[in-house]
Structures are given as C-alpha cells and as structure tokens.
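Heads up: the protein sequence lines correspond to chains A and B, in order.
Each residue of the first sequence is one higher than the last, beginning at 18 in my numbering.
Each residue of the second sequence is one higher than the last, beginning at 18 in my numbering.
Check before you lean on any hint, since a few could be wrong.
The list that follows gives simulated cross-link-like pairs (lysine to any residue, SDA-like), each with its CA atoms no further than 25 Å apart [claimed, not checked]:
(1) A:K228 - A:L504
(2) B:K541 - A:K228
(3) B:K126 - A:E558
(4) B:K533 - A:E472
(5) A:K533 - B:A578
(6) B:K541 - A:L504
Far from chain A by the CB rule (all over 10 Å, computed), these chain B residues [to be verified]:
(7) H62
(8) P127
(9) Q225
(10) R300
(11) K534
(12) E572
The set of hints was computed from the structure by calculation and includes no laboratory data.
Backbone N, C-alpha and C define an ideal beta-carbon position, used for all residues, glycine too.
Residue-level listing of the chains:
Number of protein chains: 2
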Amino acid sequence: MSKIIRVNMNSLSVTAEEVPQEYRCLGGRGLTSTIISREVLANCHPLGAENKVVIAPGLLTGTKAPCSGRMSIGAKSPLTGGIKESNVGGTAGQALARLGIKALVIEGKPEEGQQYLLEIGENRVRLQEARDLQGKTNYEVGEYLTARYGKGAAYISIGPGGEKQLSVASVAVGDLEGRPTRHAGRGGMGAVLGSKGIKAIVITRQGQSLKPANEAKFNEVVKSFAGELADGKKALTNYGTAVLVNAINKVGALPVNNFRYGTLEEAEKISGETLAQNCAERRGKTGHGCHRGCVIRCSNIYHDANGNYITAALEYETIVLLGSNCGLTDLDRIAQLDYMCDNYGLDTMETGAALAVAMEAGVLEFGDFKGMQRLIGEMVQGTLLGKLLGQGAYVTGKVLNVDRIPAVKGQSLSAYDPRGLKGTGVTYATSPMGADHTAGNCLPGRTGLDDRIAEGQIAASREIQVLSTICDNLGLCIFVGPVKGNLETMTKLFNYMTGNDYSPQKLMELGESIIKKEVAFNEKAGISKYQNNLPEFFRTEELHSGLVFDVDEEELAAIFA
Amino acid sequence: MSKIIRVNMNSLSVTAEEVPQEYRCLGGRGLTSTIISREVLANCHPLGAENKVVIAPGLLTGTKAPCSGRMSIGAKSPLTGGIKESNVGGTAGQALARLGIKALVIEGKPEEGQQYLLEIGENRVRLQEARDLQGKTNYEVGEYLTARYGKGAAYISIGPGGEKQLSVASVAVGDLEGRPTRHAGRGGMGAVLGSKGIKAIVITRQGQSLKPANEAKFNEVVKSFAGELADGKKALTNYGTAVLVNAINKVGALPVNNFRYGTLEEAEKISGETLAQNCAERRGKTGHGCHRGCVIRCSNIYHDANGNYITAALEYETIVLLGSNCGLTDLDRIAQLDYMCDNYGLDTMETGAALAVAMEAGVLEFGDFKGMQRLIGEMVQGTLLGKLLGQGAYVTGKVLNVDRIPAVKGQSLSAYDPRGLKGTGVTYATSPMGADHTAGNCLPGRTGLDDRIAEGQIAASREIQVLSTICDNLGLCIFVGPVKGNLETMTKLFNYMTGNDYSPQKLMELGESIIKKEVAFNEKAGISKYQNNLPEFFRTEELHSGLVFDVDEEELAAIFA
Numbered sequence: 018m019s020k021i022i023r024v025n026m027n028s029l030s031v032t033a034e035e036v037p038q039e040y041r042c043l044g045g046r047g048l049t050s051t052i053i054s055r056e057v058l059a060n061c062h063p064l065g066a067e068n069k070v071v072i073a074p075g076l077l078t079g080t081k082a083p084c085s086g087r088m089s090i091g092a093k094s095p096l097t098g099g100i101k102e103s104n105v106g107g108t109a110g111q112a113l114a115r116l117g118i119k120a121l122v123i124e125g126k127p128e129e130g131q132q133y134l135l136e137i138g139e140n141r142v143r144l145q146e147a148r149d150l151q152g153k154t155n156y157e158v159g160e161y162l163t164a165r166y167g168k169g170a171a172y173i174s175i176g177p178g179g180e181k182q183l184s185v186a187s188v189a190v191g192d193l194e195g196r197p198t199r200h201a202g203r204g205g206m207g208a209v210l211g212s213k214g215i216k217a218i219v220i221t222r223q224g225q226s227l228k229p230a231n232e233a234k235f236n237e238v239v240k241s242f243a244g245e246l247a248d249g250k251k252a253l254t255n256y257g258t259a260v261l262v263n264a265i266n267k268v269g270a271l272p273v274n275n276f277r278y279g280t281l282e283e284a285e286k287i288s289g290e291t292l293a294q295n296c297a298e299r300r301g302k303t304g305h306g307c308h309r310g311c312v313i314r315c316s317n318i319y320h321d322a323n324g325n326y327i328t329a330a331l332e333y334e335t336i337v338l339l340g341s342n343c344g345l346t347d348l349d350r351i352a353q354l355d356y357m358c359d360n361y362g363l364d365t366m367e368t369g370a371a372l373a374v375a376m377e378a379g380v381l382e383f384g385d386f387k388g389m390q391r392l393i394g395e396m397v398q399g400t401l402l403g404k405l406l407g408q409g410a411y412v413t414g415k416v417l418n419v420d421r422i423p424a425v426k427g428q429s430l431s432a433y434d435p436r437g438l439k440g441t442g443v444t445y446a447t448s449p450m451g452a453d454h455t456a457g458n459c460l461p462g463r464t465g466l467d468d469r470i471a472e473g474q475i476a477a478s479r480e481i482q483v484l485s486t487i488c489d490n491l492g493l494c495i496f497v498g499p500v501k502g503n504l505e506t507m508t509k510l511f512n513y514m515t516g517n518d519y520s521p522q523k524l525m526e527l528g529e530s531i532i533k534k535e536v537a538f539n540e541k542a543g544i545s546k547y548q549n550n551l552p553e554f555f556r557t558e559e560l561h562s563g564l565v566f567d568v569d570e571e572e573l574a575a576i577f578a
Numbered sequence: 018m019s020k021i022i023r024v025n026m027n028s029l030s031v032t033a034e035e036v037p038q039e040y041r042c043l044g045g046r047g048l049t050s051t052i053i054s055r056e057v058l059a060n061c062h063p064l065g066a067e068n069k070v071v072i073a074p075g076l077l078t079g080t081k082a083p084c085s086g087r088m089s090i091g092a093k094s095p096l097t098g099g100i101k102e103s104n105v106g107g108t109a110g111q112a113l114a115r116l117g118i119k120a121l122v123i124e125g126k127p128e129e130g131q132q133y134l135l136e137i138g139e140n141r142v143r144l145q146e147a148r149d150l151q152g153k154t155n156y157e158v159g160e161y162l163t164a165r166y167g168k169g170a171a172y173i174s175i176g177p178g179g180e181k182q183l184s185v186a187s188v189a190v191g192d193l194e195g196r197p198t199r200h201a202g203r204g205g206m207g208a209v210l211g212s213k214g215i216k217a218i219v220i221t222r223q224g225q226s227l228k229p230a231n232e233a234k235f236n237e238v239v240k241s242f243a244g245e246l247a248d249g250k251k252a253l254t255n256y257g258t259a260v261l262v263n264a265i266n267k268v269g270a271l272p273v274n275n276f277r278y279g280t281l282e283e284a285e286k287i288s289g290e291t292l293a294q295n296c297a298e299r300r301g302k303t304g305h306g307c308h309r310g311c312v313i314r315c316s317n318i319y320h321d322a323n324g325n326y327i328t329a330a331l332e333y334e335t336i337v338l339l340g341s342n343c344g345l346t347d348l349d350r351i352a353q354l355d356y357m358c359d360n361y362g363l364d365t366m367e368t369g370a371a372l373a374v375a376m377e378a379g380v381l382e383f384g385d386f387k388g389m390q391r392l393i394g395e396m397v398q399g400t401l402l403g404k405l406l407g408q409g410a411y412v413t414g415k416v417l418n419v420d421r422i423p424a425v426k427g428q429s430l431s432a433y434d435p436r437g438l439k440g441t442g443v444t445y446a447t448s449p450m451g452a453d454h455t456a457g458n459c460l461p462g463r464t465g466l467d468d469r470i471a472e473g474q475i476a477a478s479r480e481i482q483v484l485s486t487i488c489d490n491l492g493l494c495i496f497v498g499p500v501k502g503n504l505e506t507m508t509k510l511f512n513y514m515t516g517n518d519y520s521p522q523k524l525m526e527l528g529e530s531i532i533k534k535e536v537a538f539n540e541k542a543g544i545s546k547y548q549n550n551l552p553e554f555f556r557t558e559e560l561h562s563g564l565v566f567d568v569d570e571e572e573l574a575a576i577f578a
C-alpha cells in the first residue's frame, strides 16, 4: 500500500498516513504543490517551522516507463518567496516509490544546530542524530552513506550550502555510481531542508517495481515509447544536453557575460561535441543514465586530460551559466566549478548567474576562473561576499547596484536568452516558479513559431508549461519532450497506471490545475500576476541581432487568469 | 500663476507647464502620487531613466496656515519597489510654493557620473554642472550654497548616500539656519534623485505668501487654529518629539535591541525631558521651528557638554532606531550618529534598523557606538558591508540570514512596537508606503481604543491613514494631529484656499482616493494586498507583556479593497 510519511522535526517523530483518495492522480510536482498549497501558510518564513519540505516521486516513478525516475522536491522558496518545485533524477525517486512512499513531508524545526539523518527501510523510517555529518560535503556524505549502507542504497543530501541555508542551496541525489551529481537545484530547496536539520535521507532498500492498474497495456506503451525515445534522442545520448550549446548559439540566444551578448565565437570549445570528444578520449563517458530505465541517457562522466574524474552530469545550463555567461570558455575549468557546486550543494545556475552579476559590478573580471573558485569557496566559508552571492543573482545585483539583473521573482534566468527565444522568455516571466526553463522550455523549433517574434508566444509557452507540469506529475523526464505529440502517450501511461480513463484534454486540465494552485499560493504570498515580467533591460537593450523582448505585458500578466 | 516645472535629465532641458484643472485640489502627496501613477511605469527600474522624482509643496504650503510648510518628495522607491511619498519640513517647500511652483518633475537620466545643481529663481530655472559638489556631504553642500546664494536661499540636496544610490538614502532640506537637518528620509528618495544626477536644488528667492481664494475667512481659521495648536502641543514644543520616549516606553511599545523588548529601564536617559534639560544647560534649543509659521516648534538644536553643536532636529524615531533599538542609551552619542546620517544623507530610521539587524546577526554587539560609527562610515565609503546596510534592514537581514527582520514591503518599521500599538501595526502592515508611522500613527490614546487589543484597529488605522493623507495633501505637518477632531478645520482651510465647497466627508474621500491610487500603482508593480502583513515573529514572539500582533490577516489584506 502506498503511503505518505510525515517527519516532524519538532517532536522528532515519524508517522505514516494513508494516501487520500483525492491524491490518486497526483505525483511529483502535482503532489508537492498540492500538499504545500493546503498545508503551508503562504506568508510564512521560508526557513521557519511553518514551512514544509515535500519530496514526492512522480506517478510513474518506480515503474518500467522509460525516463520515469524523476522526483520533485517542493517547499515555499527562500529565493522566490513563492511556491517551488525542483525536479531531480538520480536513484532516490525510484527507491522511494518502490517502497510505496508517495510523499515524504518534513515539517517543524528542531533545536538550532541539530542535524539528522533520516533512514528509510522496507518497514521502518527513523531519525538519527548525525552530528558526525555536520559540515560534510555532498561527496563526503555520499561516501559515508555508501560505506555504511552499501552500494544499493539511494540517498538525498545537502552540502554546506544547505546547512548554511543559502538561498542558492541545492538538494543532491545520488546517481547510479553513488555520486551526488543529480541536483534539485532551483529555489533553495537545500536551504529549507537545512532549516529542518535534515542533512541526509538514505533509502536502504530498493523495493519492487510498481504494478500499474493495467499492466499489460501499460507495458505495451512502455515498449513502443522506449523505442521511440531511444531512436529519437540520439543527439542527447551522444553529446549530452551540451548539444544545445551550438544550437542555441546558432539562434543567437546563448547568454554571454551576464546576458550582454547572445552569441559566442568560441562556442565550439564548450560544445557537446567537444564534451563528447573529451569523454571519449579521456576514459569518461557520455550516454550515461541518471537512473535505471532511462533510454535517453543524456548524462556524462567527465574526466580531465589525465583521465581522472572531475565531475559527472555536466549539463548545458551549467556550461552556460558558470561558463559563457561568466566569460569562461574552458570546459575543463567549467567542469571543476560544477564539481565544487555539486560538492558544496549549490545550484550551478543561480551561482553562475550571481557570479556574472558580481562580475558586471566589477567584483571580478569576466572569465576569472581562479576568482570564481575563490568566491564559490567563500559562499560556504560564509564571508560576507559569499553570503551575498549565496542569496542569488537578484539580491547580489541589488546590493552591488547593478542595473542588469537577469532574474524574475527573485530567481535567475537560466541558459537561454529570452530575446532570442521568446517562448522561453514567456515561461521565465510567467511561471509561478520564477525564471525556470524546466517549467516550459520553448526550444528552437519546438513550438512551430518563429522564436524571435512575439506573436503567439504566450499561447505556446502556456501549452508547454502545462505539458511540462504533466511530465513533472508523472515523473517523466522533460527530455521525453513536453510537447503535444507526446500527450497521447502520456495519457495512456497515466490511465493504465492509475486505472483512470482520462482524455488527453482532461490530463491537460489536470496539469493546468496544478499550475493554478501554485499561482494561487503565490498570490497569497504576495507575488501577483504583475510580477509576470522580465527585467527592464531585456526590453530596452538589443542583442546584436537587434532583438529585444517585446511580449505584451498585459498578456503576460493574464496568462493564467 | 502656478505651474509645473519639468526637468528633463536626458536633454538637460527645463520646461514650465500650466497646472491641469484636475490637479487643483491636489498638493504634496496627493500630487506626487497622482503624477507618478499617471506618468511612471509601475514596473520600471527605480533607478532607471523611466522613473521620475516629483517634488510638491502641500496645497497650503506657502500660506499663513500654521505648520503648513511641508513638502512631499515622491517616486517609485528602490527600497520598497512601490510608490513612495516622503514628507519633509524645512524651508524649501514654502520657497517653491511662493514662486508658484506646484510641482517639480525630474525625469530621464543624464550620462553616468554627471552631477547637476538645479537653480530656481523668480523667473528662471536652470541646470548647472556641479562637478565641484561631487562627493560633498550635505553640510558641505549647505555651506557652499549659503555662501553662494545667501542665507535667504532654500535648498534640497543629497549626500554621498544619494550619490551612491543607496536604498536608504534621504533627501535633505535646509532648515531656518541653513543646515541640512530636515530629511525626506524614507524609501530611498535620495537614491532616485542621485540616479537623476541632481546633487542639489537651490531656490534663490522666497517669493510672496500665497493668496487663498477666500482670504478673510482663511485668515480667521488660521488664527484660531494657530492658537489652538500653540496651546495644545506644549509638550512637543518643550520636549520635542522625544517626549514620546517615556510615553511609548510606559505602554511597552518602545523598540529595544531589534524589537526584542518593548520597554527600556534606562528610558529616562534618552527621554525628551533629558533632551530638553541638555538643550537648556548647553546653550542648545528646544521649541525650534523647522519652517516659518510653525507654532508647534517640536525641533531642537542639540549641543554637547561643552556647548558645541552636535546636530539639530534630533527626533524620537532617530533616538529609538539609532538608540534603544541598537542597545545605545547615550543621547549625546545618538546625536552624533544623527549628525552622521544627516551629513551623509541616510535615513536615520532605516539605517538604525539595518544596524540592529546586523547586530542580531552578530556583526556588532548591541550598543557598540564606535562600531556603529564605523559602519555608517562604511555605507558611504562603499565597502561591501556598507553597501549591504545601505540596502536597508530587509536585505541586510536576508543576506545575514536573520529570522527577525522588522520590515514590511522592504521598509523597516519605525519606532513603535506593533504588538503594543496595534493600530500603528495595522498602518505598518497596510500602508502602500511600506512600514511607515507617518502614514497613520495610532499613538496611545489617539483612537479611543485599547491599543493592545486587535479589535477595531483596522478601522481606526484606516481612518488615521486617510486623515494623514489629507495632511500630506495640504502640506500640514502631521503633528497638528491626523484626527477626526481636526477634519472640520482642515476642510475649511481646504475650501477657503481653493474656493471649493467640500464637505468633510468629501475631503475624506479625496484622501482615500489618493491612497487608492497608490495601492493601484503598487499592484501593477507586483505588490499585492497579501503583502499587507507583518513579519511572522511579531505574531509568534511575545513581548514581556505577553502581547503579540494578532490582527486578522484577511482583514489586513482587505483594508483598502
């Protein structure tokens, strides 16, 4: 029987609840956002006892559906002040789901300075004091847990960034090798987990694959969908998400030097092709899956020129935000910064964006690799500059009096310039998550529109935002494609899994209802529809191509009305 | 003929416009908020070319009405992100009004680093480059202008705080002695003026007293009102606003150590009585007026034990926020900090509140006077900590991870604990200005309610907010009392001045309409009614008296619905 586990950090007690009937069609983001909407006061302090962290595998997570190992981590965000879902792969989502855990709700707040390890086994969930883990980095925690619980154990952890409750702190999830390379990066979920005194969660047993309501039909769809994805996503398999570097550069939407430029002459140096070549030549790996059952396998293991491990899961967004957008175009160096962020538990995107803003303010030169290493170090050492950067790009820019701060609702834009990819610009502006490409990425060619023209982008982004929410509800990786072409398959998987008989339209309505819950939460948190906008400079400052962001402001405000 | 002067800082040009008919009943805050609502994009960057600074004397400013020398400075605020009116005395308001200048609208933005002096004479307004004033403190600017234009000249200026565009930067106005001791402190108006490249405005001629529409009747009301005020406000005349120290301490609402306590054993040391005694013994002065025609004269000139000038206009809010709330209870030292803030052009309230939050974070010990001097210095030197403090209490607390940040809509509370004075708490929570006692201060005994009980406070605060807005529209100092008992007199003054025949109720409606314009601007700026709330700790943390802030959240949200 599936259940909801509540961990109360005031009383240090754990209880299991039956899953209410009304949560039957919800998983992942659908469930985290619903529970937070119902149970968390919208105006509470994000790092106080009133906030809750909800961790929920998707509806299909733990089944044989391809690329379905995703998990959502939700809370009121210290970065945006609104509701947040941060999505992550790795092995923990499947492990939780296979133990029948539909959601883990962590509430309350322990005494100052206490740290706990939450141990989840087949029939037991218990809190243990974990003073010895205090201050440990994610790689250290991963090694400790693997040594103690074995290679089969899955885990979730925070690094010093989360312990220090930085708004850029991520939550790490172990990958198939037991390394903490998968991150729920956005929105400071690591800080909220840190405020709860949870240093790590270990799932010691893997349980059984979940049984769909209509197993035979489900398996049929799984088979054809898996084949389709394996055939159709070869570029991701071969080059990783970094395959986007050349593609996005080509359309003039590659952020360079704090979104000053949209193209980079040296793009090839940080491209997926270069990454793949390095992996091949240095005993690294591309085509690496972040969880079992992934047929796309867009991840990688990245080695240095001597064949030694630097990092894994070096993603496009990391390469751009810690790389080109900071004026850094050396892939090995970017990989080192990625490792630092993973190890300390910092969102590579928000960290990179904050560093670029600091560069704009003259704190560092663009491209100053050693300076970036030093400042990322300061973020967890807790110097004043480190604390400032740890609040993300928006606060950093405000304090340093920078006009050009690429952030919406307190969260930095990711690796797509909204002037060149206007659908993604609409998503940045309007998602209740703050600027977040994963909420609805209108990649070149995806929407059928000319991405440089404002017309039609509101509707296009809206549709992709809803489809992305459906993916997040199901626990499907968005790399399967949050596109209308996949809706029928997703509907079948949903129906055969849950025993429902939804039409594709009804599934869209479900996705939309989740976004509307989030918007309603944000409203009560004081984040109104008029925050559905991009910073002024994207409207006034032309890219080299002459493009500015010119989507109508009233339409942005009204997108989810 | 009265006129609106527009100063365009893009083209460095000055134009005069007739006053539109519909502005006839508006002055001060009514006019600044109306012009900003109409002309400024709510979502513009507060320090960008799209924002405007509007400076407007009240409707009665420049007449013989008692205590009517107030002036409003308005803009979109870099501190709150919303509309702002900051109210100030001194001699500039009357000087502008008597030259027939109903409003000064400063728009656009000059080239980076350019500084200008705006010279306003009888028939000429001109911009002059003022490179030699760059980096000068307010006292230096005041001396320079007095030397150049004579003692009769009035002026408005910013210090290094405004030049650095700190969100806590004030706008100084010269007093009767030509000292820059009157400040439009709140909301960072100095930063906006700094972003426009305006270092100072000098009004070289004093012009003629304004002629009311019905002069005889006007003068009759003036005479009786002046007598009433002179008789009824003797405590303010004798002890200054610091008379409130003992009064507010007595009701347990005196902020101490970052709003940790509501009473102070040593309150006597910083009381109005002590202040008056020091002034008497040291050749200082109480009963000092901030502008001609003030019959209350709540200001003072404060000397040290050797009889040398320290500062003037040492106010209750300064004494509390730079004093007791920072653990400092030495009046001479508080006076020195007041001088520093005046000289550098920093709001004493927001600066004090930010320092107290930094103390809570452990940056300084409470009561560390030398540390406070050093940090106020750093704010204009531009160290990182200084820049952080220069963003005010909210951002300081966020970066330093302080849970207890006493701020609403980004602006710090002033010198009244909202748990003990719940009407003022409602004003803090709901005013479109952010936490600001001047928007509607429900002082002990003012509303007829028990100030410790939530019931009725919404209506009481709302009424006093409207009455305060009427004062601000008229240019009457709020020390005449924003109370129903003065409404009839204010209505008469309004009618006899403008030739209207408003009922008191209609004047209240006018006041209300101004607030509603401000609320509407804020909504478009993304500040919704759900930001009408106090920080969580005021609801959960009891004062020694056992009081918490417990006014209903939904009612706070709905106050201006």
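>> Hint by hint, where does the structure go against what was stated? Just the numbers, ascending.
In response: Violated hints: 2, 4, 6 and 7; rest satisfied.
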